[in-house]
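2 protein chains.
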Amino acid sequence: MEIIRTISWMKETVRQARAENHVIGFIPTMGALHEGHISLIRRAKADCSRVYASIFLNPAQFGPNEDLSKYPRTFEKDVEQLSAAGVDVLFAPDASEIYPPGFHTYITVEGLSEKLEGKSRPGHFRGVATVVLKLFEIVQPHFAYFGRKDAQQVRILQQMAHDLNLNVEIVVCPIVREPDGLALSSRNTYLSSDERHAATALHRALQEAQRAISTGTLDAFQLQTIVSGLLSNEPLARADYVEIVDAETFEPVARIGARPAYVLLAVCVGKTRLIDNLLIEPASAENSLICSL
Amino acid sequence: MEIIRTISWMKETVRQARAENHVIGFIPTMGALHEGHISLIRRAKADCSRVYASIFLNPAQFGPNEDLSKYPRTFEKDVEQLSAAGVDVLFAPDASEIYPPGFHTYITVEGLSEKLEGKSRPGHFRGVATVVLKLFEIVQPHFAYFGRKDAQQVRILQQMAHDLNLNVEIVVCPIVREPDGLALSSRNTYLSSDERHAATALHRALQEAQRAISTGTLDAFQLQTIVSGLLSNEPLARADYVEIVDAETFEPVARIGARPAYVLLAVCVGKTRLIDNLLIEPASAENSLICSL
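Just so you know, the sequences run in chain order U and F.
Residue numbering for the first sequence is 2 to 294, as defined by this note's numbering.
Residue numbering for the second sequence is 2 to 294, as defined by this note's numbering.
If you're looking for bench data, these hints aren't it; they were derived computationally from the structure.
Be careful, since some hints might not be right.
Copies of one chain are not kept apart here, so a pair can be met inside one copy or by any two copies together.
Said to hold, decoys possible - Capping the alpha-carbon separation at 35 Å, the derived lysine-lysine pairs in DSBU-like fashion look like this:
(1) Lys12 <-> Lys46
(2) Lys12 <-> Lys272
(3) Lys150 <-> Lys12
(4) Lys150 <-> Lys272
(5) Lys116 <-> Lys272
(6) Lys46 <-> Lys150
(7) Lys78 <-> Lys272
(8) Lys71 <-> Lys272
With the rest of the complex left out, here is chain U (with noise of 0.2 Å):
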């Protein structure tokens, strides 16, 4: 695997596999790689001729009172596990690379940054957007790989890339759990013995809502009940939000109906923030739903 760190050599780069005809697969990451970042690139692998990652701890998306000095940095262990699943060329940038003096440019989706994720965390969705669309013009990927854990982000670049016209196409793939159902993040290592068993209560508190919906239960605010109920059992927890809302608008939805919807849950353990989330699909079987954990 080849480790890059300017912009204008993974440019070259890019520019001959793309001369050779390559299909190229990019999975962009901030590094501290988990089971969750590697099932990515398996998808990847399977899709695409050349898989490209990227590691890069963007402080864009950072608030001031926010976790990037104490974000993991575990680079060393990345490259293996990047190397020993078939990435081809990992780009990894300092910060000064990718926003050198004078940067000035930024990317903004309104309406779906504003709420939830973007409530809680003011400018995360500009950097988040900014650094990906950059990320995007150096790698020039065909396929891009998000992981549904973070459904609100995935869903704004979505958006970002069908509004700006990319030239690449944005594959959602499905959350990595623990066996004990808590959805992978690299945030997980922040959590106390303690705190690791509290976390259970976001999927226990899903799996509750999942449940519900599959015996009938559609109204939203019951459903919100449900969940809220399970997390306020669970005293080192504190949900930020819980919300049910239109997978496409992310606007709250009164009752699940025949559009995708979300259960979106913010929960604070401890002093670690976690997130995770409930997909909820209409069957093709008249009224019945998929529900995806």
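Please build the complex by placing chain F on the supplied structure of chain U, with the hints as guidance.
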């Protein structure tokens, strides 16, 4: 010359041209073409093996009280001129093709976009940057050509291309003028006969600045006084701004020095707002300056 109305067909055309290793030059326009536009096409013809132009009257760059509805529309004449100039493909989408319902993504080049033209026309440069990025994604040119008359616009697009790592080179071309010095602009057609005569004041004022600079007047306030004085002699003209700015930052300078600078004018002649500029660059010979009108 092929005329293409849809994004999907334009992208397919570009894909084929790129597969055949063509070098693509692109001239985005809002129609109402004049010899300034045609000079850009001639330059692209000299540089590139395929020349694509677009005509798109971009609503996102007009304010609510601006001249979108009365902006000159001369599509058939434009097509004749582009065809005669050797353009291979004209991309001429409808507004709904570029801004479909639910469009929400915008590019902002902060700092540069808020001053001068951006101060007089809030949101203007956000609209310009957004549509130009979209057109770049659709047309995927190697080179894109813009006239120096819109100096701040060109600078903002260069900053955007740099900041977002776009795979296109912005080529800045000289201002084309009428025999009496008036810079060509689609908005010149708004001028009555008297106003058309008065409009030469912009060029005359910039010539006066050029003469002053050549005899050693480098103080910005003195230059502004000279230019404003000449403009105020013209009863039909009212200066919106006269500024001496650094050519990179567009921040006011106190004195013409070692870095390139602009004398920038925005002048209302009757109800028509016109802009023009003088570029001042240090020459290689010691202490000498090159002024370009």
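Going down the list of hints, with the structure as the test:
1. Lys12 <-> Lys46: both (21 Å within a copy, 26 Å between copies)
2. Lys12 <-> Lys272: Cα proximity of lysine 12 and lysine 272: none, with 40 Å in one copy and 48 Å across.
3. Lys150 <-> Lys12: both (30 Å within a copy, 32 Å between copies)
4. Lys150 <-> Lys272: So lysine 150 and lysine 272 pass the 35 Å test inside one copy only (20 Å; across, 55 Å).
5. Lys116 <-> Lys272: Intra 22 Å, inter 42 Å, cutoff 35 Å: intra-copy only.
6. Lys46 <-> Lys150: This pair counts as within: shortest intra-copy Cα distance 21 Å, inter-copy 49 Å.
7. Lys78 <-> Lys272: Intra 26 Å, inter 66 Å, cutoff 35 Å: intra-copy only.
8. Lys71 <-> Lys272: within (12 Å within a copy, 58 Å between copies)
Hint 2 alone, counting from the list given before, is not met by this structure.
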